[in-house]
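2 protein chains.
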Amino acid sequence: MLEKMGQAAKKASYQIVQLSSAEKNQVLMTIADQLEADSAIILSANEQDLADARQNGMSAALLDRLMLNPARLQGIASDVRQVCQLADPVGQIIDGGLLDSGLRIERRRVPLGVVGVIYEARPNVTVDVASLCLKTGNAAILRGGKETYRTNAATVQVIQRALEKHGLPKSAIQAIENPDRELVNQMLKLDRYIDMLIPRGGAGLHKLCRENSTIPVISGGIGVCHIFVDESMETEAALDIIVNAKKQRPSACNSVETLLVHRNIAGRFLVPFSARMAQENIKLHADGNAIAPLQSGPAAVSAVQDSEYRDEWLSLDLNVKLVDDIDEAVAHIREYSTQHSDAILTRSIANAERFVSQVDSAAVFVNASTRFTDGGQFGLGAEVAVSTQKLHARGPMGLEALTTYKWVAFGQDTLRS
Amino acid sequence: MLEKMGQAAKKASYQIVQLSSAEKNQVLMTIADQLEADSAIILSANEQDLADARQNGMSAALLDRLMLNPARLQGIASDVRQVCQLADPVGQIIDGGLLDSGLRIERRRVPLGVVGVIYEARPNVTVDVASLCLKTGNAAILRGGKETYRTNAATVQVIQRALEKHGLPKSAIQAIENPDRELVNQMLKLDRYIDMLIPRGGAGLHKLCRENSTIPVISGGIGVCHIFVDESMETEAALDIIVNAKKQRPSACNSVETLLVHRNIAGRFLVPFSARMAQENIKLHADGNAIAPLQSGPAAVSAVQDSEYRDEWLSLDLNVKLVDDIDEAVAHIREYSTQHSDAILTRSIANAERFVSQVDSAAVFVNASTRFTDGGQFGLGAEVAVSTQKLHARGPMGLEALTTYKWVAFGQDTLRS
Chain H
1 MLEKMGQAAK KASYQIVQLS SAEKNQVLMT IADQLEADSA IILSANEQDL
51 ADARQNGMSA ALLDRLMLNP ARLQGIASDV RQVCQLADPV GQIIDGGLLD
101 SGLRIERRRV PLGVVGVIYE ARPNVTVDVA SLCLKTGNAA ILRGGKETYR
151 TNAATVQVIQ RALEKHGLPK SAIQAIENPD RELVNQMLKL DRYIDMLIPR
201 GGAGLHKLCR ENSTIPVISG GIGVCHIFVD ESMETEAALD IIVNAKKQRP
251 SACNSVETLL VHRNIAGRFL VPFSARMAQE NIKLHADGNA IAPLQSGPAA
301 VSAVQDSEYR DEWLSLDLNV KLVDDIDEAV AHIREYSTQH SDAILTRSIA
351 NAERFVSQVD SAAVFVNAST RFTDGGQFGL GAEVAVSTQK LHARGPMGLE
401 ALTTYKWVAF GQDTLRS
Chain G
1 MLEKMGQAAK KASYQIVQLS SAEKNQVLMT IADQLEADSA IILSANEQDL
51 ADARQNGMSA ALLDRLMLNP ARLQGIASDV RQVCQLADPV GQIIDGGLLD
101 SGLRIERRRV PLGVVGVIYE ARPNVTVDVA SLCLKTGNAA ILRGGKETYR
151 TNAATVQVIQ RALEKHGLPK SAIQAIENPD RELVNQMLKL DRYIDMLIPR
201 GGAGLHKLCR ENSTIPVISG GIGVCHIFVD ESMETEAALD IIVNAKKQRP
251 SACNSVETLL VHRNIAGRFL VPFSARMAQE NIKLHADGNA IAPLQSGPAA
301 VSAVQDSEYR DEWLSLDLNV KLVDDIDEAV AHIREYSTQH SDAILTRSIA
351 NAERFVSQVD SAAVFVNAST RFTDGGQFGL GAEVAVSTQK LHARGPMGLE
401 ALTTYKWVAF GQDTLRS
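Protein chains in written order, with UniProt numbering: chain H, 1 to 417; chain G, 1 to 417.
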């Protein structure tokens with residue numbers, strides 16, 4: 001079955017690739033309209049998914065993530081209209097020139113072809129990914145979380161109706177509706193048809209894809225992010241940034257998990273730090289040297305385990321470690337960071353540049369919250385995923401990350417000598 | 001053992017990444033000098049490899065590929081000096097700007113870190129890859145063909161001596177000297193230390209890497225390349241291009257393997273085509289419709305098998321098929337091409353653009369030989385590999401393909417609201 005889906009997607013991609021930006025935007029507008037017109041179908045499918053989820057004892061937080069209502073669906077449709085406003089990277093000439101051989105050459109930006117996306121129980125991702133793929137001339141095969149499979153199926157059918165209104169094959173956007181996990185394993189082997197695979201989920205999903213996929217995979221989304229408070233940094237300003245990086249949205253991958261504090265400022269820093277953390281309900285996990293001074297403060301504190309340095313908290317918990325200097329901070333980050341987002345807070349221009357050049361992460365911040373690592377915040381207008389690998393795209397992936405290029409060479413019956 | 005090599009390479013990469021372009025060029029000059037100074041060591045190791053290869057009955061062609069002599073070693077050293085002349089992409093600001101939040105952001109081009117390369121019995125590749133990796137601030141782990149393991153080991157020792165002369169860790173360039181194939185399997189799992197894996201070899205090696213590597217892999221190097229002769233093309237000019245694409249270097253991946261001829265010109269084209277192919281000693285493999293007219297010509301001809309459309313000949317053999325029109329030519333290429341290099345020969349501007357936009361290959365040519373797909377020919381100054389996948393790099397990979405970027409953001413104690 002997946003083989004057939006792959007074939008159909010590849011075939012559809014040959015038609016989608018030929019659309020102009022104006023034509024693609026018309027399709028997107030129809031999708032937005034259709035999502036509103038057919039909202040009752042999607043909402044009723046979503047209600048069934050919710051009922052099952054409640055019966056299976058899903059937590060209130062997850063139920064909320066899964067839930068659609070007219071306002072949320074309206075928001076999703078208006079996001080699609082926003083995508084129309086973005087510049088289309090396809091067709092851009094990256095570079096080129098006239099070669100000594102007489103060949104006129106250019107690198108032309110083109111769609112990838114077929115994009116595969118595996119994601120969890122967020123029903124908005126279906127429309128999000130479909131609209132970004134279509135905007136960049138790609139077909140897509142989507143595999144959403146099994147908890148939302150009815151919602152996803154209904155949503156994709158609405159998208160397919162919009163495609164057919166424009167005379168386009170509905171196989172341009174397909175969902176794997178069967179929640180059987182074995183189909184994921186089959187999907188990972190469809191390298192003949194799928195050009196890029198984006199897993200959006202936890203560490204387990206990324207590992208599964210990295211180890212089993214024969215399709216090039218984008219790894220990312222896991223953020224063990226650090227903030228290093230250098231000795232030149234003022235305490236109050238540092239505390240504001242730390243609270244923002246931890247609390248603005250604790251469950252996000254770009255929230256801070258470990259604070260590294262220069263040992264020389266422990267004396268002036270740790271007391272107000274503990275007071276502020278207590279006020280913000282942030283629980284501390286401190287290393288051997290920091291735990292004694294912190295225990296006399298008001299914030300909850302326990303001893304940090306090595307494994308806690310390696311995993312995301314995604315909650316109001318924060319590791320704290322004293323370091324001798326910037327070198328020890330960089331060494332700690334090299335050992336424990338997932339290369340997502342790391343920050344230095346400093347007034348030293350030399351240390352700022354040193355940190356930026358030595359920390360090997362997708363995003364490196366000087367005197368700013370790690371929470372900025374985001375396609376919207378970085379001005380990309382959209383975000384398909386956040387990559388923490390180094391090939392193809394790194395950090396927030398916008399429309400450009402859904403394209404590749406081809407070399408086009410025009411000769412005049414030109415021979416290689 | 002490989003775990004330790006990986007660790008050491010990653011550690012060395014942190015030092016190499018800090019070098020300026022001038023410092024890196026000095027190291028490269030020392031490597032070139034050292035290759036000349038220590039040529040006796042390398043040539044004697046090469047003689048032992050050659051003696052073993054002769055004993056194992058290696059063909060004359062392969063022996064020649066494996067063989068080093070003073071002139072070839074001199075050429076290798078001068079290639080290293082050439083690499084010094086190339087512009088260093090590291091440090092380049094790709095784009096950036098001031099965001100509404102007040103963040104000043106830039107995408108800064110940086111080395112990948114550690115590059116893994118698996119290649120066959122070409123001793124020049126060792127120096128080639130090492131110099132390109134160092135030029136771009138990367139460390140490298142090399143695994144050459146077992147037939148040249150002594151030559152490679154001696155060469156890497158010479159490179160390491162040059163590194164140490166500059167106070168750099170010799171683990172920046174390491175070779176897996178043990179020819180045991182099991183070590184390749186271990187190397188494929190070193191995703192913790194190796195950032196990108198480049199296999200340079202046949203289809204079997206690429207399949208092994210795609211299926212087993214947990215490191216992002218660059219697939220490529222396999223070229224089933226096509227030339228389509230459209231009905232508006234003159235016969236003589238077409239024949240010159242076909243001969244160039246087949247004969248200029250038949251064993252190269254960018255040589256043509258299948259010729260597609262518009263049915264409407266079969267009458268005027270096939271007779272002179274057969275005469276020219278006979279003259280050039282090119283053996284034809286023709287489809288059902290082309291075989292009868294070709295059998296009356298002087299060129300050797302047999303019936304083509306479907307499997308022959310799928311594999312590289314890499315010899316003076318050429319498949320020939322008649323197609324109804326450009327659509328059938330494109331459909332054939334979509335089915336059988338390895339997406340390396342495909343060409344149209346035409347005088348129709350509409351068909352040229354149609355072919356260019358519909359053929360999904362790394363390089364698409366209009367009125368030129370497919371033999372131009374090459375880093376040197378395309379003006380990149382060097383070539384690490386030719387990618388036929390769509391992620392990261394496509395077609396000839398120059399220095400830029402050995403880099404990634406990081407997002408660097410400077411704030412003024414900037415918080416996300």
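Simulated from the structure, these hints should not be mistaken for lab results.
Fair warning: there could be bad hints in the mix.
You can't tell identical chains apart in this list, so a pair holds if it fits in one copy or across any two.
Unchecked claim - EDC-like mimics (lysine to aspartate or glutamate), calculated; alpha carbons at most 16 Å apart, straight line:
#1 K247 / D317
#2 K146 / E177
#3 K10 / E335
#4 K207 / E234
#5 K189 / E353
#6 K207 / D52
#7 K11 / D327
#8 K11 / E328
#9 K189 / D88
#10 K189 / E211
#11 K11 / E236
#12 K207 / D180
#13 K146 / E211
#14 K11 / E335
#15 K4 / D100
#16 K4 / D374
#17 K283 / E36
Tested hints:
no.: 1; hint: K247 / D317; verdict: within (10 Å within a copy, 67 Å between copies)
no.: 2; hint: K146 / E177; verdict: within (8 Å within a copy, 48 Å between copies)
no.: 3; hint: K10 / E335; verdict: between (41 Å within a copy, 11 Å between copies)
no.: 4; hint: K207 / E234; verdict: neither (40 Å within a copy, 55 Å between copies)
no.: 5; hint: K189 / E353; verdict: neither (43 Å within a copy, 33 Å between copies)
no.: 6; hint: K207 / D52; verdict: neither (28 Å within a copy, 42 Å between copies)
no.: 7; hint: K11 / D327; verdict: between (53 Å within a copy, 14 Å between copies)
no.: 8; hint: K11 / E328; verdict: between (53 Å within a copy, 14 Å between copies)
no.: 9; hint: K189 / D88; verdict: neither (30 Å within a copy, 37 Å between copies)
no.: 10; hint: K189 / E211; verdict: both (11 Å within a copy, 9 Å between copies)
no.: 11; hint: K11 / E236; verdict: neither (59 Å within a copy, 36 Å between copies)
no.: 12; hint: K207 / D180; verdict: neither (19 Å within a copy, 27 Å between copies)
no.: 13; hint: K146 / E211; verdict: neither (22 Å within a copy, 27 Å between copies)
no.: 14; hint: K11 / E335; verdict: between (45 Å within a copy, 11 Å between copies)
no.: 15; hint: K4 / D100; verdict: neither (46 Å within a copy, 46 Å between copies)
no.: 16; hint: K4 / D374; verdict: neither (35 Å within a copy, 36 Å between copies)
no.: 17; hint: K283 / E36; verdict: neither (43 Å within a copy, 62 Å between copies)
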